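Working from the sequences, and respecting the hints, build out all of it.
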Amino acid sequence: MPTLAEDLLLLLLDDDSGRLITDGTSTDRVLAGAVLVDLVNAGRVAEENGKLHVMDTAALDEPVLEAGLARLVEKAPAKPQRAVEVLAKHVRETVLEALAGRGLIRQDKDKVLGLFPRKTWPAVDSAHEDSVRAELTAALVGGERPGERAGALISLLHAIGGVPKVVEGDKKALKARAAEISDGDWAGVAVKKAVQAVQAAVTAAIVVASTAGTTSS
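For the sequence shown, my numbering puts the final residue at 217, and the numbers step up evenly by one.
Source of the hints: derived by calculation from the structure; they are not laboratory data.
As the structure is a computational prediction, the values presented were derived from the model and not from experiment.
Hints should not be assumed to be uniformly reliable.
Stated by the list, open to error - Now the in silico label distances, taken between C-beta atoms and shown as ranges:
hint, residue 1, residue 2, range
1, 75, 138, 34 to 42 Å
2, 93, 204, 20 to 28 Å
3, 115, 172, 38 to 46 Å
4, 172, 1, 31 to 39 Å
Ideal Cβ placement from N, Cα and C applies to all residues, glycine included.
See the structure below:
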(Lines of atoms letter the chains of each structure in order from A and count residues from 1; the text may use other names and numbers.)
(Lines give C-alpha, C1' and ligand atoms only; values in the text may rest on other atoms or scores of the structure.)
Protein backbone atom coordinates (compact mmCIF):
# COMPACT_ATOMS: atom_id res chain seq x y z
CA MET A 1 0.00 0.00 0.00
CA PRO A 2 1.30 3.49 -0.81
CA THR A 3 2.47 5.62 2.10
CA LEU A 4 0.38 8.48 3.46
CA ALA A 5 2.60 10.97 1.62
CA GLU A 6 2.09 9.10 -1.66
CA ASP A 7 -1.70 9.16 -1.26
CA LEU A 8 -1.51 12.85 -0.42
CA LEU A 9 0.56 13.72 -3.48
CA LEU A 10 -1.73 11.71 -5.77
CA LEU A 11 -4.58 13.92 -4.59
CA LEU A 12 -2.54 17.09 -5.07
CA LEU A 13 -1.48 16.29 -8.64
CA ASP A 14 -3.78 17.05 -11.55
CA ASP A 15 -4.29 13.72 -13.30
CA ASP A 16 -4.18 15.16 -16.82
CA SER A 17 -1.57 17.90 -16.63
CA GLY A 18 0.63 16.20 -14.03
CA ARG A 19 1.10 19.49 -12.22
CA LEU A 20 0.40 20.45 -8.61
CA ILE A 21 -2.93 21.99 -7.69
CA THR A 22 -1.36 23.61 -4.60
CA ASP A 23 1.76 25.75 -4.24
CA GLY A 24 5.13 24.09 -3.79
CA THR A 25 5.78 25.41 -0.28
CA SER A 26 2.50 24.07 1.09
CA THR A 27 2.90 20.78 -0.76
CA ASP A 28 6.42 20.06 0.48
CA ARG A 29 5.57 20.85 4.09
CA VAL A 30 2.40 18.78 4.16
CA LEU A 31 4.16 15.84 2.47
CA ALA A 32 6.82 16.09 5.16
CA GLY A 33 4.05 16.02 7.73
CA ALA A 34 2.58 12.89 6.17
CA VAL A 35 5.96 11.15 6.34
CA LEU A 36 6.23 12.13 9.99
CA VAL A 37 2.78 10.74 10.77
CA ASP A 38 3.66 7.43 9.10
CA LEU A 39 6.90 7.23 11.09
CA VAL A 40 5.02 7.87 14.33
CA ASN A 41 2.41 5.29 13.39
CA ALA A 42 5.20 2.79 12.71
CA GLY A 43 6.70 3.41 16.13
CA ARG A 44 9.86 4.93 14.70
CA VAL A 45 9.33 8.45 16.04
CA ALA A 46 7.70 9.65 19.26
CA GLU A 47 6.99 13.01 20.85
CA GLU A 48 8.32 13.72 24.31
CA ASN A 49 8.44 17.07 26.13
CA GLY A 50 7.68 18.98 22.95
CA LYS A 51 10.37 17.32 20.85
CA LEU A 52 10.38 14.42 18.40
CA HIS A 53 12.75 11.54 19.14
CA VAL A 54 13.80 8.67 16.87
CA MET A 55 12.94 5.45 18.70
CA ASP A 56 13.96 2.80 16.15
CA THR A 57 16.38 3.04 13.21
CA ALA A 58 15.80 -0.42 11.74
CA ALA A 59 15.40 -0.58 7.98
CA LEU A 60 12.00 0.09 6.43
CA ASP A 61 10.58 -1.36 3.22
CA GLU A 62 9.30 1.98 1.94
CA PRO A 63 11.86 4.31 0.28
CA VAL A 64 9.84 7.41 1.23
CA LEU A 65 9.93 6.49 4.92
CA GLU A 66 13.55 5.29 4.74
CA ALA A 67 14.63 8.68 3.40
CA GLY A 68 12.60 10.53 6.02
CA LEU A 69 13.90 8.46 8.92
CA ALA A 70 17.50 8.94 7.76
CA ARG A 71 17.02 12.70 7.75
CA LEU A 72 15.46 12.74 11.21
CA VAL A 73 18.23 10.58 12.69
CA GLU A 74 20.69 13.35 11.80
CA LYS A 75 18.65 16.09 13.48
CA ALA A 76 16.66 14.47 16.31
CA PRO A 77 15.57 15.30 18.87
CA ALA A 78 13.85 18.19 17.14
CA LYS A 79 10.79 20.34 17.63
CA PRO A 80 7.92 19.49 15.26
CA GLN A 81 8.40 22.57 13.09
CA ARG A 82 12.10 21.82 12.68
CA ALA A 83 11.32 18.18 11.88
CA VAL A 84 8.91 19.25 9.14
CA GLU A 85 11.55 21.53 7.63
CA VAL A 86 14.12 18.73 7.70
CA LEU A 87 11.74 16.24 6.10
CA ALA A 88 10.55 18.72 3.47
CA LYS A 89 13.92 18.77 1.72
CA HIS A 90 13.64 16.70 -1.50
CA VAL A 91 10.50 14.97 -0.15
CA ARG A 92 8.45 15.71 -3.25
CA GLU A 93 11.04 14.17 -5.57
CA THR A 94 11.23 11.06 -3.40
CA VAL A 95 7.46 10.64 -3.33
CA LEU A 96 7.13 11.24 -7.08
CA GLU A 97 9.72 8.56 -7.79
CA ALA A 98 7.94 6.13 -5.47
CA LEU A 99 4.61 6.74 -7.23
CA ALA A 100 6.22 6.30 -10.64
CA GLY A 101 7.80 3.07 -9.41
CA ARG A 102 4.34 1.79 -8.48
CA GLY A 103 3.10 2.60 -11.99
CA LEU A 104 0.57 5.17 -10.74
CA ILE A 105 2.10 8.20 -12.51
CA ARG A 106 4.71 8.77 -15.21
CA GLN A 107 7.30 11.45 -15.78
CA ASP A 108 6.87 13.65 -18.86
CA LYS A 109 9.30 16.33 -19.98
CA ASP A 110 8.53 19.46 -21.99
CA LYS A 111 9.59 23.08 -22.19
CA VAL A 112 7.78 26.19 -21.03
CA LEU A 113 7.62 28.71 -23.90
CA GLY A 114 9.83 26.28 -25.77
CA LEU A 115 12.80 27.31 -23.62
CA PHE A 116 12.62 26.23 -19.98
CA PRO A 117 12.70 22.48 -19.16
CA ARG A 118 9.81 21.21 -17.07
CA LYS A 119 8.82 17.84 -15.64
CA THR A 120 5.19 16.86 -15.18
CA TRP A 121 3.69 13.73 -13.64
CA PRO A 122 0.33 12.76 -15.21
CA ALA A 123 -1.65 9.80 -13.94
CA VAL A 124 -1.19 6.35 -15.44
CA ASP A 125 -3.52 4.36 -13.19
CA SER A 126 -5.98 6.40 -11.12
CA ALA A 127 -7.86 3.48 -9.52
CA HIS A 128 -6.09 3.78 -6.16
CA GLU A 129 -6.42 7.56 -6.10
CA ASP A 130 -10.13 7.25 -6.90
CA SER A 131 -10.64 4.87 -3.98
CA VAL A 132 -8.83 7.25 -1.61
CA ARG A 133 -10.88 10.22 -2.85
CA ALA A 134 -14.10 8.21 -2.45
CA GLU A 135 -13.20 7.44 1.18
CA LEU A 136 -12.52 11.12 1.88
CA THR A 137 -15.76 12.12 0.16
CA ALA A 138 -17.72 9.65 2.28
CA ALA A 139 -16.38 11.32 5.42
CA LEU A 140 -16.52 14.93 4.24
CA VAL A 141 -19.77 14.90 2.26
CA GLY A 142 -21.52 11.72 3.38
CA GLY A 143 -20.92 12.32 7.09
CA GLU A 144 -19.31 8.93 7.69
CA ARG A 145 -16.79 8.50 10.48
CA PRO A 146 -13.32 8.44 8.89
CA GLY A 147 -10.81 5.71 9.55
CA GLU A 148 -7.40 6.63 10.90
CA ARG A 149 -5.81 6.95 7.46
CA ALA A 150 -8.64 9.05 6.01
CA GLY A 151 -8.68 11.20 9.15
CA ALA A 152 -4.98 11.89 8.82
CA LEU A 153 -5.29 12.78 5.13
CA ILE A 154 -8.21 15.12 5.78
CA SER A 155 -6.41 16.78 8.70
CA LEU A 156 -3.25 17.31 6.65
CA LEU A 157 -5.19 18.65 3.67
CA HIS A 158 -7.10 20.94 6.00
CA ALA A 159 -3.81 22.36 7.30
CA ILE A 160 -3.08 23.81 3.83
CA GLY A 161 -6.67 24.58 2.81
CA GLY A 162 -6.56 21.77 0.26
CA VAL A 163 -9.79 19.90 1.03
CA PRO A 164 -12.03 21.82 -1.44
CA LYS A 165 -9.42 21.25 -4.14
CA VAL A 166 -9.53 17.46 -3.93
CA VAL A 167 -13.16 16.76 -2.98
CA GLU A 168 -16.20 18.13 -4.80
CA GLY A 169 -18.86 19.94 -2.78
CA ASP A 170 -19.74 23.22 -1.14
CA LYS A 171 -16.44 24.80 -0.12
CA LYS A 172 -17.71 26.28 3.13
CA ALA A 173 -19.31 23.01 4.19
CA LEU A 174 -16.20 21.02 3.23
CA LYS A 175 -13.96 23.31 5.28
CA ALA A 176 -16.28 23.11 8.29
CA ARG A 177 -16.47 19.32 8.12
CA ALA A 178 -12.69 19.06 7.67
CA ALA A 179 -12.17 21.21 10.77
CA GLU A 180 -14.59 19.00 12.70
CA ILE A 181 -12.72 15.86 11.64
CA SER A 182 -9.35 17.42 12.48
CA ASP A 183 -10.59 18.06 16.01
CA GLY A 184 -12.23 14.62 16.32
CA ASP A 185 -11.19 11.32 17.88
CA TRP A 186 -10.51 9.30 14.71
CA ALA A 187 -7.00 8.19 15.77
CA GLY A 188 -5.02 6.87 18.71
CA VAL A 189 -3.34 9.32 21.04
CA ALA A 190 0.15 9.07 19.53
CA VAL A 191 -0.98 9.54 15.94
CA LYS A 192 -3.42 12.32 16.83
CA LYS A 193 -0.73 14.20 18.73
CA ALA A 194 1.58 13.81 15.74
CA VAL A 195 -1.03 15.16 13.33
CA GLN A 196 -1.77 18.11 15.62
CA ALA A 197 1.94 18.88 15.89
CA VAL A 198 2.33 18.62 12.13
CA GLN A 199 -0.64 20.90 11.49
CA ALA A 200 0.89 23.57 13.71
CA ALA A 201 4.33 23.10 12.18
CA VAL A 202 3.05 23.18 8.59
CA THR A 203 1.04 26.32 9.26
CA ALA A 204 4.01 28.02 10.91
CA ALA A 205 6.38 26.99 8.12
CA ILE A 206 4.06 28.33 5.43
CA VAL A 207 3.63 31.61 7.29
CA VAL A 208 7.41 32.01 7.63
CA ALA A 209 8.00 31.19 3.96
CA SER A 210 5.25 33.58 2.85
CA THR A 211 6.59 36.36 5.08
CA ALA A 212 10.12 35.84 3.74
CA GLY A 213 8.85 35.99 0.17
CA THR A 214 6.94 39.20 0.83
CA THR A 215 9.93 40.80 2.54
CA SER A 216 12.36 39.86 -0.26
CA SER A 217 10.02 41.31 -2.89
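Here is how each hint holds up against the structure:
1. Between residue 75 and residue 138 the beta carbons are some 38 Å apart, a value that agrees with the proposed interval 34 to 42 Å.
2. Distance hint for residue 93 and residue 204: a CB-CB separation of about 23 Å, consistent with the stated range 20 to 28 Å.
3. With their beta carbons about 42 Å apart, residue 115 and residue 172 fall inside the hinted range of 38 to 46 Å.
4. At about 33 Å, the beta-carbon gap between residue 172 and residue 1 stays in the expected band of 31 to 39 Å.
Comparing the model with each earlier hint shows no violations; every hint is respected.
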